[in-house]
Amino acid sequence: MALIYIVEDDQNIREIERFALQNSGYEVEEFACAREFGGRLRERVPDCILLDIMLPDEDGLEILRRIRTLPEVKKVPVMMVTAKTTELDKVKGLDQGADDYITKPFGVMELISRVKALLRRCAGMEEDRLLTAGEICLDSEKRTVYAGGTLCSLTYKEYELLKLLLQNRGIVMRRDVIMERIWDISFEGESRTLDVHVKTLRQKLGDAGALIRTVRNVGYKIE
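Residues 237 to 459, numbered by this note's numbering, are exactly what the sequence shown covers, in order.
No wet-lab data here; the hints were simulated from the structure.
One or more of the hints may lead you astray.
As the list claims (entries may be wrong) - Result set (DMTMM-like, lysine to aspartate or glutamate): computed pairs, CA atoms no more than 20 Å apart in a straight line:
1) LYS340 x GLU251
2) LYS320 x ASP335
3) LYS310 x ASP295
What the hints assert, rightly or not - Simulated DEER-style distance windows between Cβ atoms:
4) GLY406 x PRO292: 41 to 47 Å
5) THR429 x GLY370: 53 to 59 Å
6) SER376 x GLY406: 25 to 31 Å
7) GLU263 x ASP431: 48 to 54 Å
The C-beta atom is built at its ideal place from N, Cα and C for all residues, glycine as well.
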């Protein structure tokens with residue numbers, strides 16, 4: 237169940253948002269000011285934030301700027317919810333890092349639809365960032381690889397080789413294609429470079445290394 241934070245000083249609007257989101261199956265926490273929101277954000281990171289611009293103790297755009305500087309929350313999708321309707325206001329919000337912008341008064345169905353779209357989009361980005369197969373997990377943003385819960389220390393070429401295989405999971409990657417993608421050279425039949433890298437990669441992945449399969453006279457694939 238996704239957790240949504242509502243930062244809104246108008247109690248009536250806050251209640252409308254909370255009721256609509258809870259009826260759509262989301263967990264909701266609401267805050268009337270920046271101070272309450274900031275304190276809770278340090279304790280628990282939400283999946284999405286609905287942020288009003290005109291708050292009693294701090295401008296919503298300032299809050300948004302600060303959110304985008306915090307490593308643990310900077311990628312949380314933020315929808316600005318405000319009475320400001322000019323194009324310039326919307327552009328300012330989006331330029332500051334907002335993922336979407338909805339103006340008051342708004343339709344409940346539109347609000348829910350936009351929240352769902354934001355969560356879908358971010359879920360897709362997360363899937364692109366994390367490549368997995370069995371007990372192997374590669375994080376392309378942090379450039380880390382875990383196998384069976386253990387961090388693996390890979391060379392640059394080993395990492396790129398594993399990433400290529402994971403991006404094409406279930407597909408046989410021909411030796412010449414791998415050599416061209418990873419080493420930027422044409423494959424020569426007598427070269428053992430690829431085989432040596434696959435061998436050391438399997439060893440470093442431990443038991444999970446068995447997921448890298450050899451397809452005789454063709455290449456390799458990961459299952």
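Evaluated hints:
no.: 1; hint: LYS340 x GLU251; in the structure: holds (14 Å)
no.: 2; hint: LYS320 x ASP335; in the structure: holds (16 Å)
no.: 3; hint: LYS310 x ASP295; in the structure: holds (18 Å)
no.: 4; hint: GLY406 x PRO292: 41 to 47 Å; in the structure: violated (54 Å)
no.: 5; hint: THR429 x GLY370: 53 to 59 Å; in the structure: violated (26 Å)
no.: 6; hint: SER376 x GLY406: 25 to 31 Å; in the structure: violated (19 Å)
no.: 7; hint: GLU263 x ASP431: 48 to 54 Å; in the structure: holds (50 Å)
The structure is inconsistent with the numbered hints 4, 5 and 6, although it conforms to all the rest.
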